[in-house]
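Can you join these two chains into the complex? Each is in its own frame, and there are hints to help.
Line by line, the protein sequences are chains A and B. When you line the first sequence up against my numbering, it's residues 1 to 162, in that order. When you line the second sequence up against my numbering, it's residues 1 to 85, in that order.
Calculated from the structure, these hints are not laboratory results. Since the model is a prediction, treat every value here as computed from it, not as a measurement. Mixed in with the good hints there might be a few duds.
Said to hold, decoys possible - Computed spacing ranges between beta-carbons, pair by pair:
| id | chain 1 | residue 1 | chain 2 | residue 2 | range |
| --- | --- | --- | --- | --- | --- |
| 1 | B | T84 | A | E77 | 45 to 53 Å |
| 2 | A | Q36 | B | P33 | 45 to 53 Å |
| 3 | B | R79 | A | P68 | 43 to 51 Å |
| 4 | B | V36 | A | L34 | 35 to 43 Å |
| 5 | B | R75 | A | L63 | 19 to 27 Å |
| 6 | B | D43 | A | L63 | 31 to 39 Å |
| 7 | A | G15 | B | L74 | 36 to 44 Å |
| 8 | A | G159 | B | D43 | 20 to 28 Å |
| 9 | B | P33 | A | R80 | 39 to 47 Å |
| 10 | A | L83 | B | R79 | 17 to 25 Å |
Claimed, not checked - One-sided excerpt, in silico: chain A residues whose CB lies under 7 Å from chain B:
| id | residue |
| --- | --- |
| 11 | M1 |
| 12 | G30 |
| 13 | L34 |
| 14 | Y62 |
| 15 | P68 |
| 16 | D75 |
| 17 | I79 |
| 18 | V115 |
| 19 | I116 |
| 20 | A118 |
| 21 | F119 |
| 22 | E145 |
| 23 | I147 |
| 24 | E149 |
| 25 | A152 |
| 26 | I153 |
All C-beta atoms, glycine included, are put in the ideal place defined by N, C-alpha and C.
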Amino acid sequence: MTDFKGLLRTLSEPGIEFILVGGVAAVAHGSARLTQDVDVVYRRTKDNIAKLATALADKTPYLRGAPPGLPFRWDQESIRRGLNFTLTTDLGDLDLLGEITGGGGYEELLPHSVVIRAFGIECRCLDLPHLIHVKRAAGRPRDLEAIAELEAILHEKTGDQE
Amino acid sequence: MKPARLRETGRECYNPLKKVSDKLAKKALKLEPDPVIEVYKKDIDRTLIRENLKLSVEERLLKLMELQRFARELRRAGREMRKTS
Chain A
1 MTDFKGLLRT LSEPGIEFIL VGGVAAVAHG SARLTQDVDV VYRRTKDNIA
51 KLATALADKT PYLRGAPPGL PFRWDQESIR RGLNFTLTTD LGDLDLLGEI
101 TGGGGYEELL PHSVVIRAFG IECRCLDLPH LIHVKRAAGR PRDLEAIAEL
151 EAILHEKTGD QE
Chain B
1 MKPARLRETG RECYNPLKKV SDKLAKKALK LEPDPVIEVY KKDIDRTLIR
51 ENLKLSVEER LLKLMELQRF ARELRRAGRE MRKTS
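Same shape as in the complex, but just chain B (with noise of 0.2 Å):
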C-alpha cells in the first residue's frame, strides 16, 4: 500500500486517509437508533438526568449509596410489616 501523500493546507498537514479513518471511527461509534428503546425513551425523567449530571461522580456514588440505604429500609419495613399482620 502506497503511503499517504500529505498535503499542506495553512498551519495543519492534510491526509485524506485519516478523514476516512475518521469518518468509518465516527460510523463505528454511531449507535443507530433501535425503536423498542425509542419506546422506553419517551419515559425517561430528564429532570432526573439534569440534576444528576450538574453533580461530581463522588456526589453520584454518595446519592446511590444514599439510596441502597432508603432501599434497605423499606425492605426491612416491609419484612417488619409482614410479620406483625
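Isolated chain A (complex conformation) (with noise of 0.2 Å):
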C-alpha cells in the first residue's frame, strides 16, 4: 500500500520543488478511482536533483519492474542522466517525472498548478483543466473514462452546462 502522507512528507519537507500529477492529483480533485502510485513532475535543477537525491536516498528507491540485483544507484549523477523514473520505494511507487506528454516541464506547469494541503503538508498540484489537458495529450485508451470522470468533476465544480 502506498504511504501517500510519508511520500509527500518525504519530498516536500527537503522543500523539493514539485508538482503532482497523475492519478493522486486526480483524487486530489474529487476522483473516485483506484490510484496505486504517486507520480511528479520535479524541477530539473541541480539544488532540486540534489534534494531529491538525498530525501529519497534512504527509501531503497529501485527502478520498478527491473529484475533485481541491477548496479543502480540512486544519486544525483543518476537523476541529471535521466529524466523520468518509475521507481519502487520503502513508501510505495513512485513516478518522478522530468517532463510530461502535453505538458512539458516543471516550469512549463507551475502557472497551472494550484496549492493543495493535506496531512499539514502544503504542496503544488497540477490544476484540474491542466490534468484533463495533459492525460487528454497522453492519447491512452486506459485514461478515457479517468478522463470522463475529470471532466463531470469539473463540470460539477463549475456548474457548467454539458
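This is the structure in C-alpha cells:
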C-alpha cells in the first residue's frame, strides 16, 4: 500500500520543488478511482536534483519492474543522466517525471498548478483543466474513462452546462 | 508595437489588449468536447463525485488508502481461493 502521507512529507520537507500529477492529483480533485502510485513532475535544477537524491536515499528507491540486483544507484548523477524514473520505494511506488506529454516540465506546469494541503503538508498539484489536458494529450485508451470522470468533476465544480 | 492606450472607465482602467489576451487565455484553456469521452461520460457515477467533493483533500487521500487496502485484501483472498480449489 502506498503511504501518501510519507511520500508527500519526504518530498515536501526538504523543500523539493514538485507538482503532483496523475492519479493522485485526480483523487485530490475529487476522483473516486483507485490508483497505486504517486506521479510527480520535479524541477530539474541542480539544487532540486540534489535534494531529491538525498531525500529518497534511505527509502530504498529501485527501478520498478527491473530484475533485482541491477547496479542501480540513486544519486545526483543518475537523476541528471535520466529524466523520468518509475520507482519502488519503502513508502510505495513513485514516478518522478522530468517532463510529461502535453505539459512539458516543471516550469511549464507551474502556472497551471494549485497549492493543496493534506496531512499538514502543503504541496503543488496540477489544476483540474490542465490535468484533463495532459491526460488527453497522453492519448492512452485506458485513460478515457478517467478523463470522462475528470471532465464530469470539472462540470460539477464550475456548474457548466453539458 | 505601440503601448496599449488606457481609458478610464469608473474606478478601473480599461485595456483593450488585456481583453483580447483574456479571451485568448480562455480559449486556450477551453477543452473542446471529444465525442469518445462524451460517450464514457454517460456512465460516470455523479453521486460518487458529489460525495467526494464534500471531502477535504486529506479525506480523499485517506479514502484512497482505504480503497488500496481493500483491493489488496481482495487480491489476497483470490490467491487463497485459487490455492485451495
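Against the structure, the hints come out as follows:
1. T84/B with E77/A: 45 to 53 Å: holds (50 Å)
2. Q36/A with P33/B: 45 to 53 Å: Once the Cβ atoms are compared, 30 Å apart, the range 45 to 53 Å for P33/B and Q36/A is violated.
3. R79/B with P68/A: 43 to 51 Å: Violated: the Cβ-Cβ distance is about 21 Å, outside 43 to 51 Å.
4. V36/B with L34/A: 35 to 43 Å: Between V36/B and L34/A, where Cβ atoms are some 22 Å apart, the hint is violated.
5. R75/B with L63/A: 19 to 27 Å: holds (23 Å)
6. D43/B with L63/A: 31 to 39 Å: holds (36 Å)
7. G15/A with L74/B: 36 to 44 Å: Holds, since G15/A and L74/B (Cβ atoms, about 39 Å apart) stay within the stated range.
8. G159/A with D43/B: 20 to 28 Å: 21 Å Cβ-Cβ, so the 20 to 28 Å window holds.
9. P33/B with R80/A: 39 to 47 Å: With a Cβ separation near 42 Å, P33/B and R80/A satisfy 39 to 47 Å, so the hint holds.
10. L83/A with R79/B: 17 to 25 Å: Violated - the Cβ-Cβ distance for L83/A and R79/B, about 36 Å, lies outside 17 to 25 Å.
11. M1: holds (5 Å)
12. G30: holds (4 Å)
13. L34: holds (5 Å)
14. Y62: violated (20 Å)
15. P68: With Cβ-Cβ at 21 Å, over 7 Å, it is violated.
16. D75: Violated - the Cβ of D75/A stays beyond 7 Å from chain B, reaching only about 30 Å at its closest.
17. I79: violated (26 Å)
18. V115: violated (10 Å)
19. I116: holds (5 Å)
20. A118: A118/A check passes; min Cβ-Cβ to chain B is 4 Å, inside 7 Å.
21. F119: For F119/A, the interface hint holds, since the closest Cβ of chain B sits about 6 Å away, which is under 7 Å.
22. E145: E145/A check passes; min Cβ-Cβ to chain B is 5 Å, inside 7 Å.
23. I147: Holds. Min distance 5 Å.
24. E149: At about 5 Å, which falls below the 7 Å cut-off, the nearest Cβ of chain B leaves the hint on E149/A intact, so it holds.
25. A152: holds (5 Å)
26. I153: Where the cut-off is 7 Å and the nearest Cβ of chain B is about 5 Å from I153/A, the hint holds.
Hint violations for this structure: numbers 2, 3, 4, 10, 14, 15, 16, 17, 18, all remaining hints satisfied.
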